[in-house]
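Peer 1: Using the sequences and the hints given, assemble the complete structure.
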Amino acid sequence: MATLNSNVPSGPIAQKWEQYKFNTKLINPANKRKYKIIVVGAGLAGSSAAATLAELGYEVHNFVFHDSPRRAHSVAAQGGINAAKNYQNDGDSVRRLFYDTIKGGDFRAREANVHRLAEVSVNIIDQCVAQGVPFAREYGGLLDNRSFGGAQVSRTFYARGQTGQQLLLGAYSALAKMIGAGAVKSYTHAEMLDLVVVDGHAKGIIVRNLQTGEITRHNADAVVLATGGYGNVYNLSTYARGSNATAIWRAYKRGACFGNPCYTQIHPTCIPVSGDYQSKLTLMSESLRNDGRVWVPKKKEDCKKRPQDIPEEDRDYYLERMYSAFGNLAPRDIASRAAKMVCDEGRGIGETGLGVYLDFADAIQRLGESKVRERYGNLFAMYHEITNEDAYRTPMRIYPAVHYTMGGLWVDYNLMSNLPGLFVLGEANFSDHGANRLGASALMQGLSDGYFVLPATISGYLASQNPGKRPKTDHESFKEAEENVQNITKKLLNNKGKRTPASFHKQLGKIMWEYCGMARNKAGLEKGIKEIAALREEYWKNVNVLGGAGEWNQQLENAGRIADFLELGELMCRDALHREESCGGHFREEYQYTKDDPEVQQGLVNPGDVKRRDDAFAYVAAWEYAGSVDKAPILNKEPLVYEEVHMSTRSYK
Amino acid sequence: MKVKLKVWRQKDRNSPGEFKTYESPALNENMSFLEMLDVVNEELANKGEEPIAFDHDCREGICGTCSCVINGKPHGPHRGVATCQTYMRSFKDGDTIVVEPFRAKAFPIIKDLVVDRKALDRIQFAGGFISVRTGSAPDANSIPVPKENADLAMDAAQCIQCGACVAACKNASAMLFVAAKVSHLGLLPQGQPERYKRVKAMVAQMDAEGFGACTVTGSCEAVCPKEISLDFIARMNRDYAVALLKGDPKPISGGGAG
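Those sequence lines, one after another, are chains A and B. For the first sequence, my numbering begins at 1 and goes up steadily by one. For the second sequence, my numbering begins at 1001 and goes up steadily by one.
FYI, nobody ran anything at the bench for these hints, they're computed from the structure. Keep in mind that the hints are not guaranteed to be accurate.
[To be verified] Derived lysine-lysine pairs resembling BS3-like cross-links, with alpha carbons at most 27 Å apart:
1) K185/A / K1092/B
2) K1011/B / K496/A
3) K469/A / K25/A
4) K1020/B / K496/A
5) K1002/B / K1105/B
6) K510/A / K1118/B
7) K595/A / K299/A
8) K1047/B / K1118/B
9) K469/A / K253/A
10) K1197/B / K185/A
11) K340/A / K299/A
12) K506/A / K1047/B
13) K1147/B / K1118/B
14) K496/A / K1047/B
15) K506/A / K496/A
16) K541/A / K1002/B
17) K491/A / K1047/B
18) K300/A / K653/A
19) K498/A / K1197/B
20) K510/A / K253/A
21) K1011/B / K490/A
22) K1004/B / K1020/B
23) K1200/B / K185/A
In this text, all values refer to a predicted model and were calculated from it rather than measured experimentally.
Peer 2: As structure tokens, then:
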């Protein structure tokens, strides 16, 4: 069994972080340059961490599989970033952001981490503005805010529909400065394929150069993974095609525990699937729900009619009906499930019947088309490009799609995994969003981890390490890890089967969506686990990878990532199967409110809402690799204790 | 629908390349251009032929990875979109589509349609930033920025660093890219202290990378997926001229108090 200690400092919650920073060992400025830190990934978390660590004086090596650090998928975030600035004077505070995030995560996140996130949020905005991030402004020149993702205050800062790109360019520019100054060594087209563990500590990585195929060893005093989420296990998602789980999965296989793998976020507003060739689902920013109204026809027989031909009284604005306090702004998990529910009732729209309308007619009438264009013009244009439909004239068609993974490698308060020396940031870790992430909180967490948290916590670990004794790359563990990587490559290339890697990915995605998607149940998950195991077996018998190892070979890259997805998918199903409750994005059909429950009768929740079981499942499930894919992984539990926020039924009515 | 593809195939940087022709399988007009390439590649792979290498990632027009010249135009027939946002409904059944990489001296070919655009990063490393150490920033609202300036800065900041401007330019100039970066930071009060140093450093690096000069043909603006305006080049030229007039700052001597 792994030892899991959350290392949450004692004391009142609002003082924990201050006190922690005071108590943490520092490293003398003259000694910092002796420490070498590897940062894998250059999204918001990776680039902000790499830049900040370099500013502090550490020797930083940054690795990305892209051709440039600016391409990481943080770039695609549209809506915004939360911060408890209370610039709108509408009652926001650190306490409220903390509370909203804990509640939004359905009481499955760690209190102390979330409070720290809320505290640090205000510094992030300062930092980004100083870097030149062109956030939206009011005519007086001050920053504008909007309400977003189930919040009743306006705390979201945004830059048109491309907040992610602008924040990433800010972090990238900080990184660029340090690369230019020689303080960060940047490796691009460099994919991490294994973690090197020496005497139980993470001390290096094995990397493949995607241009030449060369495999190299890199040692360090600490390794930081900021490699993003694993939603591409579903094949179809809003992730970039290149987003993958390989770095965290191979770290898992080296002993790092995987926390809550089944917590996935299905985003309610994406463009529906149109055909089997589809490679990608496109998100329409949730900010659209501020002004758009979601509806389906009341009657099944109206579903094939043109929306304009369905009179007002025959429309069911189901979010407004079911969740009157939050209406169209209900949190993502709730809005997604409601869409699934109405479609399951046969009231879905579009060719496939898997879609609902997002209608701007009212907003255009109220605000005028030019105002709507100013707010959402680029999103409407994007929608038009993809669907050839004009959302100013006819409602958008939307449907939920996989968007984010709240699960990830388990970390303690220091953001360090159970493997000492291995730090995990951003979406790659499990820590802050519980079972459901609120809109505009991913960008906040990535930058919080990278700019402010890790740079403060890593010194505590480094102070216990002697950089003079850093293992050299000729150490046995490096040799063994490199051989492992070479063997995987050889196995894939020598297999010479009959099917392409992509065909397996598609098939895996269908299994995952069917059995471990928006609604899960015992029988389905058991079936999913069997089917994935069978598919994995077939993969290693029948996959065919063309080309060689020593060249640019995209099929080989993908084949390695898909091999990992085929293992991770099974773990996700196992986690979902063991968690016999519903919480946030994890909906087990067996555990939902019915009309007989007192909470429904009191009007707190609707029938069909998720039913948590705090008595049995108020813990983080941290899965530990058992040494072989065929052995059942070991379940470790970190109990979740709520001292500040009373665990209650999550109500948005 | 079906199309005929005339695609540039090149094994690596040092091997000669050539056009090869492929018949596509049946396509759906709602496919994106890249999804069409996926389908063609699956078919090639199933026949044991090596798939066409092409760059792509986010597939929603923001990461700047995709980079095809389609029928002679970077990012294809439409204005204001990247290759990944080009849909097959823009073509007709039976069309022949010519697909090439972004060609420029500063973008060496890696394989087939994939080119190395790291030169653009190196321009950024030379000066594309505002120096602000983490933790040292003042309150975000302490410096008001007129909305017009913020909006204009945002127009420039939308650049996705794809390099289409370079590929479209007969001189393979990177002026629109550099101008967007210089203008984004130069328009904001936070970017003023390093404004002139920045433009000089970035232009110097641009020249060192082997990008050509600008002769203001406007082809860059015409293909830019973010429709970045040529005006920014004028703005950069002005900043650059002022920077030259200002000359270099005097070197400072070492030593300190105490």
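Peer 1: Decide, hint by hint, whether the structure agrees.
Peer 2: Now the hints, each set against the structure:
Annotation: proposed proximity of K185/A to K1092/B is violated, straight-line Cα distance about 48 Å (limit 27 Å). For the hint pairing K1011/B with K496/A, the CA-to-CA distance comes to about 21 Å; that is within 27 Å, so the pair holds. Using a Cα cut-off of 27 Å, the hinted pair K469/A and K25/A holds, with the two alpha carbons roughly 19 Å apart. Distance hint between K1020/B and K496/A is fulfilled; the C-alpha atoms sit about 25 Å from each other, no more than 27 Å.
Among the hinted pairs, K1002/B with K1105/B is inconsistent with the structure: their alpha-carbon atoms are about 34 Å apart, more than 27 Å. A C-alpha spacing of about 37 Å is found between K510/A and K1118/B, which places the hinted pair above 27 Å, so the restraint is violated. For the given pair, K595/A sits about 23 Å from K299/A by alpha-carbon distance, which is consistent with the 27 Å threshold. As the CA atoms of K1047/B and K1118/B are separated by approximately 34 Å, the hinted pair breaks the 27 Å bound.
Pair hint K469/A plus K253/A holds up; C-alpha atoms about 25 Å apart against a cutoff of 27 Å. Our distance criterion of 27 Å between C-alpha atoms is met by K1197/B and K185/A, whose separation comes to about 23 Å. Of the supplied pair hints, the one linking K340/A and K299/A holds, its CA atoms being roughly 16 Å apart against a limit of 27 Å. A C-alpha spacing of about 19 Å is found between K506/A and K1047/B, which places the hinted pair at or below 27 Å, so the restraint holds.
Proximity of K1147/B to K1118/B is assessed by CA-CA distance (about 33 Å); at most 27 Å being required, the pair is judged violated. Under the criterion of a C-alpha separation no larger than 27 Å, the hint pairing K496/A with K1047/B is consistent with the structure, at around 13 Å. At most 27 Å may separate the alpha-carbon atoms for a hinted pair to count; K506/A and K496/A meet this at roughly 20 Å. Between K541/A and K1002/B the CA atoms are separated by roughly 34 Å; this puts the pair beyond 27 Å, and the hint is violated.
Between K491/A and K1047/B, the direct Cα distance comes to roughly 21 Å. Compliance with the 27 Å bound is thereby established for this hinted pair. For the suggested pair K300/A and K653/A, the alpha carbons sit about 26 Å apart, so the restraint of at most 27 Å is met. Only pairs whose Cα atoms come within 27 Å are accepted, and K498/A paired with K1197/B is rejected, the gap being roughly 58 Å. Note on K510/A and K253/A: the hinted pairing holds, with a Cα-Cα distance of about 25 Å set against a maximum of 27 Å.
Distance hint between K1011/B and K490/A is fulfilled; the C-alpha atoms sit about 21 Å from each other, no more than 27 Å. Of the supplied pair hints, the one linking K1004/B and K1020/B holds, its CA atoms being roughly 10 Å apart against a limit of 27 Å. Between the alpha carbons of K1200/B and K185/A the distance comes to roughly 24 Å, so the proposed pair stays at or under 27 Å and holds.
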